[in-house]
Amino acid sequence: MSPNSDAQAERLLVDAAKAGDQAALSELYQTYFPRLYRYILARTGNTYDAEDLTEEVFMRVLEAIKRFQHREAPFSAWLFRIAHNAVISQRRKETARGRSSQLNDGMPVDSEGPEELVERRVTLNEVMQAAKSLPDAQRQVISFRFAAGLTVAETARAMGKGEGNVKVIQHKAIAKLREMMGQPRKRPKPKVYEKSEKA
Amino acid sequence: MRRVKKLSEILEECIEAGIAGRRSLEESLALYPAQAEELEPLLRTALSVSDSFQSYTPPAAVEQRIRSRFLADAAARRNLRHLEGSIEGRGWFAGFFRKPVFGGFAAAAAVAVAVVAIAVGGVNLGGSENGGTSETDPLGPTVVFDLGKKVNSLNEHVQGGGQVQTADVTEITTLVAALGNTPIEDLQGSSSELETTFADTLAILEDAANLDPGGQDLLDAEATIRTIAADLDLDLPGPVDVGDATPTPTDPSVEPTDDPVEPTDVPAEPTSTPSGGDVTTSPSVTPQPTPTSTDDNRSPPGFLP
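First to last, the protein sequences are chains V and P. Residue numbers for the first sequence follow my numbering, beginning at 1 and rising by one. Residue numbers for the second sequence follow my numbering, beginning at 1001 and rising by one.
Worth flagging that the hints you see were computed from the coordinates, not collected in a lab. Take the hints with a grain of salt, since some may be wrong.
[Claimed, not checked] In silico SDA-like cross-links for lysine to any residue, where the CA-CA straight-line distance does not exceed 25 Å:
id, chain 1, residue 1, chain 2, residue 2
1, P, K1149, P, G1162
2, V, K172, P, A1017
3, V, K176, P, G1162
4, V, K176, V, E163
5, V, K172, P, S1024
Given only the sequences and the hints, what does the whole structure look like? Please build it.
Below you can see the structure in the form of structure tokens.
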């Protein structure tokens, strides 16, 4: 399916969801839940906040979706803007809490051996640890691009920046991550992404 | 600077191709031999970071739990819209429903009448689309009524020399949080009643601050009230003094606030996490500036009219 037809399909889906169609809402949830969860996990660094805020963001989507307008922004950029705002609000409210946690055991569904799972989990922990040291704009770009799976264009819309600016920030962030993490040990075998998780 | 920008674009193009599975890392490097040496470690890192995130699957139990609440909430909202549509269709009844003095009782009566109508099959609720069963009960108008009733009885209690109790505060903040999760369009019919009720509620929150100075539940409730009031253009008294929570110095981990599209208010807590009954603790929180605009997460700034 071409990007245009994907966009058109999503537009129809969002319109149906705006009208209160349960099946459409369910499909939107299916599509965006993993991406939203990973994004918030990348931003907050702990699964407790990821869980709470993911739920909160979906509730906010229900409140606001009737006012969503396609001409203003792609749905994904709009949704992740809500998520971004939720993360900011959470930080403002809970700066003194200082909670953190390691990743859960409910790990990938891919059919991989335990060794590879462990290696990936360590890598993700390393990535998130390193990302904490990045300047905020760089961390945002890494979260949007690699955790949420947004394109550069969608990231630019969600951040209110130009695409060129996002590419430069991304470049700097990756260079800094490499510096902190060292050379990746190996690249895991390519994952076949499910349709619902594509950017 | 120009060179950096160029490499940034090449890097992005290769990342995009790699994530989409169109090109391997080696194929990308072969396409840009002049930049290969510099590009290789960056691209390897980027693809590794991407793989790490995309390979992580959120816990299935969490996915299921949030899905259930999301869809139940959606069904409740849809049912409420149907119900209010039915009420709006009855001209004289709708006018009665909006009268400030009788609004609360009228709202309750409206809901009661509607429930009876549903029982005899006279009103088609959203649930009937799925085989004639209503998935959840409509709650919005009754929350407005319940809050008004609670606040009125508390006012009488306080004027009679009584004090606001912890349980009262919990009930009020829970009701306010529920209102915060109600679509603003669904509250427009209750504007007049809400104006009076909110003014009284703010006064009670101020009393409650004696029990829990700077309590987060109180701050959240006030923020929710003012957000809804701004959305509905209600006239409310000035900021409530909710006590002497110790102001927290600027936290370096908090994101800068100069972003013009950042929210400046405190959003309502979801109804699934009502406040507990413990108001004896005083969490160290920074009092949030009282929101006076409609620029909250109901309408993410920059995207909506």
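(message) Between the alpha carbons of P/K1149 and P/G1162, is the straight-line distance 25 Å or under?
(response) holds, 17 Å
(message) V/K172 and P/S1024 were given as a pair; does the straight-line alpha-carbon distance stay at or below 25 Å?
(response) holds, 22 Å
(message) For V/K176 and P/G1162, compute the direct alpha-carbon distance and say whether it is at most 25 Å.
(response) Measuring from Cα to Cα gives roughly 61 Å; hence the hint is violated.
(message) Check the hint pairing V/K176 with V/E163 against an upper bound of 25 Å on the C-alpha distance.
(response) Since the Cα atoms of V/K176 and V/E163 sit roughly 20 Å apart, the hinted pair holds (cutoff 25 Å).
(message) Can you confirm whether the C-alpha distance between V/K172 and P/A1017 stays at or below 25 Å?
(response) Judged against 25 Å, a Cα distance of about 19 Å means the pair holds.
Hint check: a violation occurs at hint 3 only; the rest are consistent with the structure.
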